[in-house]
Amino acid sequence: GENVGLHLPTLSVQEGDNSIINCAYSNSASDYFIWYKQESGKGPQFIIDIRSNMDKRQGQRVTVLLNKTVKHLSLQIAATQPGDSAVYFCAENMAGAGSYQLTFGKGTKLSVIP
Amino acid sequence: SQTIHQWPATLVQPVGSPLSLECTVEGTSNPNLYWYRQAAGRGLQLLFYSVGIGQISSEVPQNLSASRPQDRQFILSSKKLLLSDSGFYLCAWNRGLDEQFFGPGTRLTVL
Chain A
1 GENVGLHLPT
11 LSVQEGDNSI
21 INCAYSNSAS
31 DYFIWYKQES
41 GKGPQFIIDI
51 RSNMDKRQGQ
61 RVTVLLNKTV
71 KHLSLQIAAT
81 QPGDSAVYFC
91 AENMAGAGSY
101 QLTFGKGTKL
111 SVIP
Chain B
1 SQTIHQWPAT
11 LVQPVGSPLS
21 LECTVEGTSN
31 PNLYWYRQAA
41 GRGLQLLFYS
51 VGIGQISSEV
61 PQNLSASRPQ
71 DRQFILSSKK
81 LLLSDSGFYL
91 CAWNRGLDEQ
101 FFGPGTRLTV
111 L
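Chain order of the listed sequences is A and B.
FYI, my numbering numbers position 80 of the first sequence as 80, with every residue one higher than the one before it.
FYI, my numbering numbers position 8 of the second sequence as 8, with every residue one higher than the one before it.
One chain only, chain A, in its complex shape (with noise of 0.2 Å):
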């Protein structure tokens, strides 16, 4: 069936360099997507969503790019620090088809070096 998946299952970074986390979606009507950053044994933190009408969209270090044409989502966090060390998942839904469910991909782990 179609789901979401990530390219990369691990990444390892120089503290202060970019990051940049990968995830392929294979189902065309999604319309929303979600990055969420899980630090071991809590539950997902939400760091920033995109919706299907936007190619990109900012917050605080991190950016979030969406290519609808070949169905890639990435996570960019700039000046990567420790504190950013954690599994990030992509979630995507159908909220236009009113759909409750989000579908999560299964994680990079990403590990700052300091």
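It should be emphasised that the hints constitute simulated quantities derived from the structure, not laboratory data.
None of the values given here were measured: they were computed from a predicted structure.
There could be a bad hint or two in this list.
To be verified - Computed far set for chain B versus chain A, every beta-carbon distance over 10 Å:
id: 1; residue: SER1
id: 2; residue: THR24
id: 3; residue: SER29
id: 4; residue: ASN32
Stated by the list, open to error - Some chain A residues close to chain B (C-beta under 7 Å, calculated; not the full set):
id: 5; residue: GLY43
id: 6; residue: PHE46
id: 7; residue: ALA78
id: 8; residue: PRO82
id: 9; residue: ALA95
id: 10; residue: TYR100
id: 11; residue: GLN101
id: 12; residue: PHE104
Think of the CB as a built atom: it goes at the ideal place given N, C-alpha and C, for glycine as much as any other residue.
Chain A is already provided as a structure; the job is to place chain B on it using the hints.
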């Protein structure tokens, strides 16, 4: 501000024993409520969601059940736990179809 609570934080139960996990939300009314399970090193699997008191939708057939006795209370139950029920159980809420806010989770180990 809104907060979501889950308890217990950790639980170790023998196979065949019953289960009851509780989730409550504060600071909002008529939330949508969700139960997810997360296996070690994996993504989140939606188990149940509820859009109102007494309204439960099941996404995955299993030996678990959910109930919503009050507007801001969501309970996950089982009559007889299986080894495969071990995992990290997360409750979440939202008001529409947008981002969901997660609780701290319950780590369940079935032995």
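Structure-based check of all given hints:
| no. | hint | in the structure |
| --- | --- | --- |
| 1 | SER1 | 14 Å, holds |
| 2 | THR24 | 14 Å, holds |
| 3 | SER29 | 18 Å, holds |
| 4 | ASN32 | 6 Å, violated |
| 5 | GLY43 | 4 Å, holds |
| 6 | PHE46 | 5 Å, holds |
| 7 | ALA78 | 22 Å, violated |
| 8 | PRO82 | 21 Å, violated |
| 9 | ALA95 | 4 Å, holds |
| 10 | TYR100 | 5 Å, holds |
| 11 | GLN101 | 6 Å, holds |
| 12 | PHE104 | 4 Å, holds |
Hint compliance for this structure: hints 4, 7, 8 are broken, all remaining hints hold.
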